[in-house]
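Q: So the protein sequences, as listed, match chains A and B. Note that the first sequence covers residues 12 to 333 in my numbering. Note that the second sequence covers residues 3 to 393 in my numbering.
Calculated from the structure, these hints are not laboratory results. Since the model is a prediction, treat every value here as computed from it, not as a measurement. Fair warning: there could be bad hints in the mix.
[To be verified] Here are the simulated SDA-like pairs of lysine to any residue, each with C-alpha atoms no more than 25 Å apart in a straight line:
hint, chain 1, residue 1, chain 2, residue 2
1, B, K38, A, G161
2, B, K222, A, P96
3, B, K76, A, P157
4, B, K146, B, A350
5, B, K146, A, G161
6, B, K38, B, K146
7, B, K197, B, V142
8, B, K330, B, D352
9, B, K38, A, T40
10, B, K222, A, H145
11, B, K249, B, E210
12, B, K38, B, A343
13, B, K76, A, A291
14, B, K38, A, E287
15, B, K146, A, P157
[Said to hold, decoys possible] Partial pick of chain B residues on the chain A-facing surface, computed with a CB cut under 8 Å:
hint, residue
16, S46
17, K96
18, A118
For each residue, glycine too, the CB sits at the ideal point set by N, CA and C.
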Amino acid sequence: MQTATGTLSKRRRIFWLVPLIALALPLLTNPYTQFIANAMLIYTLVTLGFSVVIGNLGQLAFANTAFFGIGAYASAIASTSLGLPWLATIPIAGLAGALGGFLASAAALRGIRLYYLAIVTLAFGELMRWFYTHAGALTGGTDGLPVPRGRDFGLALSSGTVQFYVFLAITCLLVAGTVNLLRSRIGRAIIAVRENEIATASLGIPTSQIIVTAFMWSGFIVGIAGAMFALHTGRVFPESFGLTQLIVNFAMVLVGGLGSVVGAVLGAVALTALPEYVRAFPGMEEIFFGVIVMVVLLVMPKGLASLLARFSPIFQQRYHRD
Amino acid sequence: MKFKLKKLGLLVGLTLAATGSAAADETTGLTDDAIKIGVMGPFSGNASSYSKAEIGLMAYFQMINDEGGIHGRKLVAVQEDTACDPAKALAAAKKLIYQDEVFMLHGNSCSGAAIAIKPDIVEAGLPWIVAHAVSDTISVPPVKNIFHGVPTGNTNGEAMAAFVLSKPGTKNVAIVEHSNDWAHSYTNPARAYLKENGVEPVAELVMERGQTDATAQVLKLRQANPDFIIGALYEAETAIFLRDMKKYGLDIPVMGTAGTDLENTLKRVGDLDTVQNYFVLHSYVDNLDGPLLKKWADMIHKYYPDEALTNFSYISIGSGVALVEALKAAGPDLTRAKLIAELDKIKALDTGILSSPITWSPEERRGVKSSAVAGFVDGEPTVLKAWGTPY
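Kindly produce the complete structure, drawing on both the sequences and the hints.
A: Structure (structure tokens):
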């Protein structure tokens with residue numbers, strides 16, 4: 012019989028094995044496939060951050076693309092206006108995203124919940140998009156803002172391969188950080204709010220603050236993903252953070268598995284890679300994307316993570332949403 | 003542990019060395035019987051109607067192939083979808099350059115997507131003819147391998163303002179636009195041209211995409227009482243704007259962009275009365291159903307029988323004609339450098355479809371420097387040089 016500690020230890024080993032194997036990935040790529048691999052790392056964080064709110068906290072929300080945009084613009088503005096190296100803009104993007112998380116969820120402190128809070132987050136996202144477009148002096152308006160890709164602390168960040176290693180390190184740190192957060196008292200409180208907020212409050216847990224904390228952590232992770240996206244594309248445009256992006260992010264969380272860390276990785280990887288295979292059929296991408304999402308959710312309503320969990324108990328997660 | 007770390011370091015080092023960017027090969031994408039050309043466009047997404055520009059271009063390539071190709075080589079188009087999204091466009095460009103290994107790139111609707119991929123294409127060094135996106139940022143300042151084959155935003159904006167001022171007695175001009183780069187690429191040069199000619203807009207209004215009512219804008223315009231309105235709006239919003247102008251009895255001419263089609267706008271609003279004072283930029287030598295465009299319409303329908311033709315269907319063909327001229331001149335021993343040199347020799351090329359000729363040089367890569375206008379004259383769509391002056 013396998014002990015809980017043994018399973019946890021195995022899970023930890025697997026957690027570190029995946030990025031170690033990934034270190035060799037650039038040997039097999041060309042600049043195009045490298046670009047896609049880098050996008051997978053970015054979307055892993057985007058999905059993970061989104062999943063914390065809609066999966067672990069159980070709050071329907073639409074502000075994810077706002078956090079993504081805030082991080083991207085914070086990084087681009089800090090690079091271009093303040094002349095900071097890109098690596099130094101990462102904490103700025105994370106903090107800006109966390110601030111965005113606070114602003115989007117501040118209504119929760121006044122007792123706003125569920126669909127009402129969801130609408131507030133939607134309005135926040137739209138407000139941010141309006142801001143990117145109209146604050147031209149700061150954001151470059153509709154022409155976007157270029158992101159300088161020079162050498163940062165000896166790293167040639169214009170190279171897709173170097174970007175990959177930097178993104179991989181950041182992604183590993185944030186995934187590990189999220190796993191630890193979810194295991195902590197705060198994480199358990201987040202799950203408890205999802206399961207029964209009144210019961211949680213009766214235990215003396217300040218549920219409103221817990222909701223805001225989950226949003227802020229989500230904003231922090233997704234904000235950093237935004238900084239990575241800014242470097243990845245070399246220029247940030249308002250249209251990158253619109254409704255289409257939100258739908259794709261939503262699909263990644265659902266396909267991976269609501270509230271599952273492994274699912275966030277799987278959903279991001281699957282829905283970044285698979286549409287690339289239908290490039291040969293122009294105009295079919297949207298149909299293909301829709302069919303994939305429907306098929307996965309019909310066959311595996313708990314997402315791809317549940318498929319792995321079926322094969323091995325080490326992939327079973329306590330925080331996964333049933 | 004030390005040993006493992008060393009191994010890991012070696013692996014990373016080898017990887018970095020192995021994936022360093024290689025210099026572009028001069029004959030990549032060429033075989034004895036084919037020239038591989040990457041054609042990028044928004045084949046999906048909410049701007050997919052622009053992909054008609056790429057369909058027209060590919061029909062032209064097929065016609066050239068049916069006529070025997072160029073120096074025994076067929077033009078093989080490799081399509082890639084950008085969805086008008088900068089990140090997707092980057093993936094598409096990288097795939098065409100590094101995986102499909104095309105000889106050159108041609109096409110591209112959507113300025114945002116084109117601006118995003120520009121640095122990668124400059125670095126890769128392969129020739130790129132921009133056949134639809136209009137932003138001047140793409141070809142200004144000029145770089146060695148980028149050629150603009152359509153009137154750019156500056157040219158279009160100036161042409162719009164010039165037409166507006168060609169109407170006798172025009173002193174007050176108003177601007178209604180979307181708040182996006184597409185609209186600004188028309189209205190900013192138009193503003194500059196108006197200013198040069200001593201005209202300051204009497205009203206500058208925004209109508210957002212997806213807006214279904216233009217009452218607020220129309221009422222403000224009634225107050226401002228302009229002689230002419232410059233409208234940088236997509237087709238759906240243009241129809242709404244014209245409908246509401248009629249509803250509130252505002253009988254002022256409106257100058258629209260190349261992003262709207264005169265006949266389509268008529269179809270959308272349903273009556274000639276509403277559009278009889280509406281003018282659009284028109285980059286062609288004739289009306290869409292005129293005799294000079296018929297051979298191009300027939301060509302598109304030969305290869306794409308179900309294709310519904312609009313203003314966009316023809317826009318990329320002119321730059322295709324210029325490409326074929328340059329490929330012929332470059333001779334059978336084609337290289338990327340030779341093609342770029344021959345494209346730079348294109349001077350005042352009458353493409354038989356664009357209303358203005360194409361001229362390229364190393365100092366000026368915006369090849370098309372003016373645009374005509376189309377409007378209804380006596381109920382018939384007519385191409386105009388200036389107010390009351392047929393093309």
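Q: Hint by hint, note whether the structure agrees.
A: The hints, checked one at a time:
1. B/K38 <-> A/G161: Violated, because 32 Å separates the two Cα atoms, which is more than 25 Å.
2. B/K222 <-> A/P96: violated (47 Å)
3. B/K76 <-> A/P157: Between B/K76 and A/P157 the Cα gap is close to 38 Å, so the pair fails against 25 Å, i.e. violated.
4. B/K146 <-> B/A350: holds (20 Å)
5. B/K146 <-> A/G161: holds (22 Å)
6. B/K38 <-> B/K146: holds (20 Å)
7. B/K197 <-> B/V142: With a Cα-Cα distance of about 22 Å, the restraint between B/K197 and B/V142 holds, given a limit of 25 Å.
8. B/K330 <-> B/D352: Holds, because 16 Å separates the two Cα atoms, which is no more than 25 Å.
9. B/K38 <-> A/T40: holds (22 Å)
10. B/K222 <-> A/H145: Between B/K222 and A/H145 the Cα gap is close to 21 Å, so the pair holds against 25 Å.
11. B/K249 <-> B/E210: holds (20 Å)
12. B/K38 <-> B/A343: holds (19 Å)
13. B/K76 <-> A/A291: Answer holds: B/K76 to A/A291 is near 20 Å, not above 25 Å.
14. B/K38 <-> A/E287: holds (20 Å)
15. B/K146 <-> A/P157: Satisfied, since the Cα-Cα distance of roughly 21 Å is no more than 25 Å.
16. S46: Holds. Min distance 5 Å.
17. K96: holds (4 Å)
18. A118: holds (5 Å)
Hints 1, 2, 3 from the earlier list are contradicted by this structure; the remaining hints agree with it.
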